[in-house]
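Student: Sequence:
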Amino acid sequence: MEKVIEFIIRVCGISAVIFVFAIFGFVFWEGRELLISGEFNFWKFLFTKEWYPASESNPRFGVLALIAGTASVTVLAMAIAVPFGLGAAIYISEFCGSRLREALKVIIELLAAIPSVVWGFIGLTIMNELIMKLFGAPIGLTVLNGAIILALMSVPIIVSISEDALKAVPDSYREAAIGLGVTRWQMVYKVLLPSAKNGLLAAVLLGIGRAVGETMAVLMATGHAVHIPFDGTPPFFHPLDSVRTLTATIAAELGETARGSEHYQVLFVVGILLFSITFAVNLTADLVVKGIRDK
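Quick note: the sequence shown, position 186, residue 181 per the numbering used here, numbers continuous.
Think of the hints as simulated: they come from the structure by calculation, not from any bench.
It is possible that part of the hints are untrue.
[Stated by the list, open to error] The calculated label-pair distances, taken between Cβ atoms and stated as ranges, are:
#1 Q181 / F130: 35 to 41 Å
#2 D159 / Q181: 44 to 50 Å
#3 Y86 / F2: 30 to 36 Å
#4 G176 / Y86: 44 to 50 Å
#5 Q181 / L125: 18 to 24 Å
#6 A74 / D159: 21 to 27 Å
#7 A49 / V112: 22 to 28 Å
#8 S50 / E104: 42 to 48 Å
#9 A253 / D159: 43 to 49 Å
#10 I267 / F116: 26 to 32 Å
#11 A49 / L282: 57 to 63 Å
Backbone N, C-alpha and C fix where the C-beta goes; we use that ideal spot for every residue, glycine too.
All chains, please: the whole structure from these sequences, using the hints.
Tutor: Written out as structure tokens, the structure is:
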């Protein structure tokens, strides 16, 4: 019986790797003709911002604005989600009572269960009107709108994993710190956070992955405009500009293209780019965590 269970676990582990390579192989296969053709300029594809795939006379496929839109929404979302997520995890783990802790954890789990399309509706209706009233913007479907929605979607993941990481720190660390006469905040800052840094970093990186891979919410909340929200003029970054992300572009356009067409293949090349970005983020995270663990 033990060997059967071991075999099943091994098959599950191997199948996960096979599925990842199969997904990448499928995406690459659909866009292979464009990639291997001499007419496709990959550097022009990456570093130009003109995205006019439906033009009959002069179709242009530049994803620089899409990459900038994805990066701006993700970075601003993490700037909002990480402080709130880590702060909430510290409070739940170390400061609140048992009844309040259980209630907060249930609320956080309910937030994680809300479908992304519902978050998109919230951004499209409530946040849109709120941003227009507060900032006087002509439209509220902006980087800020998408970032707030993504932050709310990422916070439950960050809180749950961070709280588990803090709870995994042995109680002897807390007792030793209190025995030395430190305050609870000093214990958190000097003892718990350094001890749980691997888990906290993993929580943040999973939040980043959640934000980068989100589709429907950003499609509905960011305005879906091909635009770079930062330039060389102050204030350099414009969170009230509308943008379009890589994932939203694939979702919005793939169903309207003819299978095998140039536009169809370019969307799969965008998928390869997105897959590569997430792979680079995960690989970097693994190397960083490994480096921290070795220290």
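Student: Could you check the structure against the hints above and give me the numbers of any it violates, in ascending order?
Tutor: 2, 3, 4, 5 and 11
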